[in-house]
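Could you put together the complete structure from these sequences and hints?
Quick note, the sequences are listed as chains A and B, same order. The first sequence begins at 1 in the UniProt record's numbering and counts up one residue at a time. The second sequence begins at 1 in the UniProt record's numbering and counts up one residue at a time.
Hints were generated in silico from the structure; no laboratory data involved. Just to be clear, a hint being listed does not mean it is correct.
[To be verified] Result set (DSSO-like, lysine-lysine): computed pairs, CA atoms no more than 30 Å apart in a straight line: (1) Lys137(A) <-> Lys42(A); (2) Lys149(B) <-> Lys88(A); (3) Lys129(A) <-> Lys144(A); (4) Lys77(A) <-> Lys133(A); (5) Lys144(A) <-> Lys88(A); (6) Lys42(A) <-> Lys99(A); (7) Lys31(A) <-> Lys144(A); (8) Lys99(A) <-> Lys87(A); (9) Lys144(A) <-> Lys149(B); (10) Lys49(A) <-> Lys99(A); (11) Lys146(A) <-> Lys149(B); (12) Lys88(A) <-> Lys31(A); (13) Lys103(A) <-> Lys146(A); (14) Lys77(A) <-> Lys149(B); (15) Lys87(A) <-> Lys144(A); (16) Lys58(A) <-> Lys149(B); (17) Lys87(A) <-> Lys149(B); (18) Lys103(A) <-> Lys133(A); (19) Lys149(B) <-> Lys91(A); (20) Lys129(A) <-> Lys87(A); (21) Lys103(A) <-> Lys91(A).
[What the hints assert, rightly or not] Across the chosen pairs, the derived CB separations fall in these ranges: (22) Lys91(A) <-> Arg115(B): 52 to 58 Å; (23) Lys87(A) <-> Ala70(B): 25 to 31 Å; (24) Phe82(B) <-> Lys99(A): 55 to 61 Å; (25) Ala146(B) <-> Lys88(A): 19 to 25 Å; (26) Glu55(A) <-> Gly83(B): 18 to 24 Å; (27) Ile148(B) <-> Lys99(A): 30 to 36 Å; (28) Gln62(B) <-> Leu27(A): 18 to 24 Å.
Cβ atoms here follow ideal geometry from the backbone N, Cα and C, with glycine treated the same way.
Residues per chain are reported as follows:
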Amino acid sequence: MKAVICLLAAVILAGCNLQEERKDSRLALMKTTNPEPIQIEKDGVSVEKIRGEVEEVKEIYDAAVVKGDHNILVAYKVRHLDRFRMKKIEKNLQDRLEKEYSKETFIVSSDYKIFLEAVRLREDIDAGKVNDKEADKRLHRIIKLKQELT
Amino acid sequence: MANKNEKKTPTQQQYDKLNQKHELKRPVLKNCLRAFFVGGLICTIGQAITYFFIYFFNFTEQTAGNPTVATMVFLAMLLTGFGVYDHLGQYGGAGSAVPVSGFGNAVISAAIEHRTEGFVLGVGGNMFKLAGSVILFGVFAAFVVALIKTILIQWGGL
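Next comes the structure, spelled out in structure tokens:
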């Protein structure tokens, strides 16, 4: 019995030891992180402006914006009781952003994994671990992840 | 109820009264609380496993559900084999049976019960004796819900 409980605890707490250098991403799923938006592609609309637009939605409390060469990724967290209307919120936000910035292509997601990966990308850019090209590749990988359904 | 009592002899009625007096009351509230905490604990572990898959593997919130369910069922099967889940079931009642881990318990406990009858007709034939109904009604309920959703989307304009 004790051995089983220890094994379970070890599996659950395994994350505490790893990736110590990443501070925000470690608790990104549990607390508000508000990561700085990432602008890989410098031309066009400002990511700050997009983030401001996203934060105006009252159901959203945490948002990460990444602007790449072709797409703009918007990952956000929805307030707990509003999660019942997740699809509607996603649709409304997508429509709102596409209406406001008609020239851009938006990938909107409320998935925790997408948000977590956006925070990790921000941290790696801050630490100087990735350049713009690699960051764009990472962004494509995150977008691909969003499209996976199984 | 009155008709039943009319048919009973005075001795039987007297016995019924005595029985009611000494009958132990079912601790419904206590059982509910226990089920709530045990079920909640199992679900918390499930949530922790989902976060584990999201953090350390390439699973999204949407895709992490499948490996989480598989892990929970596997853990419940192991705990049933070790004899731990029986105690948990006795304490938590429905709280341990309703989450998906109860499915693993139903499969393995039936397999253990019939292992003396041989691997094919015993274990193989009876393994899904309890869990079979869960699969059948689960699939059927999913089919009905999907049908209703399709109708509502196609013709209801949702």
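| message | Checking one constraint from the list: CA of Lys58(A) to CA of Lys149(B), max 30 Å. Satisfied? | response | holds, 29 Å
| Assessment of proposed distance window 55 to 61 Å (beta carbons of Phe82(B), Lys99(A)) | holds, 58 Å
| How does the Cβ-Cβ distance of Ile148(B) and Lys99(A) compare with 30 to 36 Å: does it lie in that range? | For Ile148(B) and Lys99(A) the Cβ distance comes to about 33 Å; the hint holds.
| request: Mind checking the alpha carbons of Lys129(A) and Lys87(A) for me, to see if they're no more than 30 Å apart? | output: It is violated: about 35 Å lies between the C-alpha atoms, which goes past 30 Å.
| query | Between Lys103(A) and Lys133(A), is the straight-line Cα distance small enough, at 30 Å or below? | reply | Roughly 22 Å separates the two Cα atoms, so the pair holds.
| 19 to 25 Å as the expected CB spacing between Lys88(A) and Ala146(B), which holds or is violated | holds, 20 Å
| Hint consistency between Lys103(A) and Lys146(A) [alpha-carbon to alpha-carbon, up to 30 Å] | OK: Lys103(A) and Lys146(A) at ~22 Å, within 30 Å.
| CA of Lys144(A) to CA of Lys149(B), is that 30 Å or under? | OK: Lys144(A) and Lys149(B) at ~28 Å, within 30 Å.
| Holds or violated: Lys149(B) to Lys91(A), with C-alpha atoms at most 30 Å apart | Holds, because 19 Å separates the two Cα atoms, which is no more than 30 Å.
| said: Check whether the Cα positions of Lys87(A) and Lys149(B) lie no farther apart than 30 Å. | reply: holds, 15 Å
| task | Sort out whether Lys144(A) lies within 30 Å of Lys129(A), counting only the CA atoms. | result | Distance ~22 Å between Lys129(A) and Lys144(A) Cα, so the pair holds.
| Proposed proximity, Lys91(A) with Lys103(A) (alpha carbon, max 30 Å) | holds, 18 Å
Hints 20 and 26 from the list above are not met by this structure, while the remaining hints are.
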